[in-house]
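A.B. asks: Start from the sequences, fold in the hints, and give me the full structure.
Protein chains: 2
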Amino acid sequence: MIKELIEAGDFAEARRALGDMNPVDVAGELEKTEHADAVRVFRMLPKDTAAEVFAYLDSDAQQGIIEKIKDHEINGIVEEMFLDDAVDFIEEMPASVVKRVLANLPADKRDIINQFLKYPENSAGSIMTIEYISLKERLTVREAFDKIRGEGIDSETIYTCYVTDSERRLLGDVSVRTLLLAQPDARVSDIMNTNVVFAVTTDDREKLAGEFRKYGLLAMPVADNENRIVGIVTVDDIMTVQEEEATEDFELMAALSPSDDPYLKTSVIAMTKNRLPWLMLLMLSATFTGAIISGFEASLLALPALAAFIPMLMDTGGNAGSQSSTLIIRGMALDEVAPSDVLRVLWKELRVSALCGVALAVVNFARIFIMNRDVMLAATVSISLLLTVVLSKTVGCLLPLGAKKLKLDPAVMASPVITTIVDAGALLLFFAIAKALIGV
Amino acid sequence: MIKELIEAGDFAEARRALGDMNPVDVAGELEKTEHADAVRVFRMLPKDTAAEVFAYLDSDAQQGIIEKIKDHEINGIVEEMFLDDAVDFIEEMPASVVKRVLANLPADKRDIINQFLKYPENSAGSIMTIEYISLKERLTVREAFDKIRGEGIDSETIYTCYVTDSERRLLGDVSVRTLLLAQPDARVSDIMNTNVVFAVTTDDREKLAGEFRKYGLLAMPVADNENRIVGIVTVDDIMTVQEEEATEDFELMAALSPSDDPYLKTSVIAMTKNRLPWLMLLMLSATFTGAIISGFEASLLALPALAAFIPMLMDTGGNAGSQSSTLIIRGMALDEVAPSDVLRVLWKELRVSALCGVALAVVNFARIFIMNRDVMLAATVSISLLLTVVLSKTVGCLLPLGAKKLKLDPAVMASPVITTIVDAGALLLFFAIAKALIGV
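Sequence order for the protein chains is A and B.
So the first sequence is numbered by this note's numbering: it starts at -16 and just counts up by one.
So the second sequence is numbered by this note's numbering: it starts at -16 and just counts up by one.
Any given hint could turn out to be false.
Where chains are identical, the list cannot tell them apart; a pair therefore holds if satisfied intra-copy or between any two copies.
Unchecked claim - Quick list of in silico lysine to any residue cross-link-like pairs, SDA-like style, CA-CA up to 25 Å: (1) LYS190 x THR223; (2) LYS(-14) x ASP8; (3) LYS197 x ILE49; (4) LYS197 x ALA34.
Since the hints were made in silico from the structure, they are not lab data.
C.D. replies: Here you go:
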């Protein structure tokens, strides 16, 4: 709609329409607009809205605007942005843009941005921001509200305030709800909660997401190694973390190198790079499975009908294994299963795989017997199938648990890897049983 | 720790320890305690804490306590719980417990719970609660704070208040932050935000999660068909929704019927029921693939070496296809890809699959040529591989898009289904090319 107004040259109406819109939606409109027009629209925005809209833009649109505006305008935007948004923005820009942006900032802002850029990827430090409200414990509720009114407009959240001593060490937290329900003369120290769930800068952001879910938090303070509070993480960012971590697992589990870029914005070359190494590795692994078939060429020549059961055995093994590995990988991601549960998991998988395996084997036996009238062939395939299902589910549960134990990402031990391993096992079982029962 | 104190009979110390703990952690301790002891500990808790702790318990522990306490105690707990928690609790209980709980409630509470139980699963109505703060537009900021102080203790969130007319129709919302920063004499109507993101009771909860993420919301009002506000959804519940929806997709994509129960708490029978139907269906489908091999038995007898390449072709096809389907399924779950993007997706997949396919084919050709010194065999396998990768990625992207278009869950069109389809295609291609190039 903004796009249409701009194209029609109706800037006055465009400005009015922008005023009524949510900054998130303004950003969405700007992303759909040509860079040159986007800059014109962007300049119509009031200064504080501009910074917020800028934070919501994707990095292409951010770069498009940055390259067209003046140095002092860049400075104005970055100064108005929350620190976490500024850091996210700078991380995505090419070196030349980063240099220009940092050169225009006052030294103290530049220093703190440089410090935040150094936190390891996926750490609590990398997603925290510094705009929080800290209160001294001696304050009364009335004084606390004065402080909140004074600083509230520049804070990412005002709803949880952190009580600190003179060294910035965390003593407790107090919510605006508690403050509102307390007497104006009460002391913060008397109403604060001292049992605060907090993180340290090096904690994994996935761990934080788990604690936000568990305790229903809106924000969490982050402390440095000396227990001083250095920032907070807010629930909106944690929702993004939760979504990104799930996406990463989906990708790893499908033999893809994870990428943060949306599908339609990822180049063909980047996509090929994310996919090809895994396909190559798994292709070469599968040649070992092929070697097993070569090794039993004599059996196949003696009884060519055996070959027709290979796809069914391989696919069922792969599916049975990936069912188990998926449940274990997801269970570990949600802290419902741990490597120490290995015996309980194994016992459960053995029973489930026995039930599934027997049911599949019986149906399979009936089908082959009806179609081929060959009891020994039906028995060979069905026993192989039962053992394949048990093997697959055992491998499928043990590999992710083992990966976690070795501090690897369990999501790598999913369908593609399991299938490759289980295929070989299924064929070895199949030919061995054929030899024993049919003598080929 | 509570468990140890209880077992040692030190109830005084246990009560003290409970007082310092987060209700979430108290619930965690109770779940680890024997039912009989859990009831003793539960009765030590102050009334309002008891209801909160009860809401955090898993349904086994809830049932254990409900079955051991008196009717008036049940009433006390359910009356103190937020409505969404009470509804979640009742939904998980067996019929006899539900009957007893509802019989003990006052008629108005029973009516509203019955009404909430009727909202469709996974709808906005099924996750909303009614404890929100509504303000009239004529109120001043000072009067609004009086209302918040009066109702705040019983509201799920006080940080966003909803401005309604006399018919409960939504006029706007106002945050406590805005109220705190406004003049005490200002009117709510002058400072409220009228551009409110809201849901209707029948909206899919996954859509709400997307909007919470997009707009960084803490709460969202839910309206009925006559535009009257009937409840709110809060961000803590949305985090759970986001996690459950991802888990559901992980499970569907691994050919599992979704289940909300944690792995270790799911019975062997329930697990078998979630897994067996899919394995059975896919096993029977894979017999068609076997039939293709039977159809080309003459080719295999003429050149038995062909059989050794079947696992590699099938696995690579399956992996290539599930890479594409995973990216498309996840992209659609995050609203980054839509069925209308089909041509852009197809064009991208064709190019990526050509690049991946050529690279894999070249490596494969070299390996076979070096090991077998047979150019025509190497060419047959490599051309089949290239075409299989292109076919797999085409099928892998089109099936989930088609499922979405038909309003089915795209996550069903993942690795297992793709593999089954692609296996057949890969083998048909392989034998056709072998016939053309080698003449077998």
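A.B. asks: Hints first: check each against the structure and report whether it holds.
C.D. replies: The hints, checked one at a time:
Both within a single protomer and between protomers do LYS190 and THR223 lie at most 25 Å apart by alpha-carbon distance, with minima of 14 Å and 15 Å respectively. In this assembly of identical chains, the alpha carbons of LYS(-14) and ASP8 lie at most 25 Å apart only when taken from the same copy (12 Å versus 52 Å across copies). Taking the shortest Cα distances, LYS197 and ILE49 sit within 25 Å of each other only across copies (23 Å), while inside one copy they are farther apart (40 Å). In this homomeric assembly, LYS197 and ALA34 come within 25 Å of each other (Cα to Cα) only across copies, at 17 Å, whereas the closest approach inside a single copy is 33 Å.
Every hint from the earlier list agrees with this structure, and none is contradicted.
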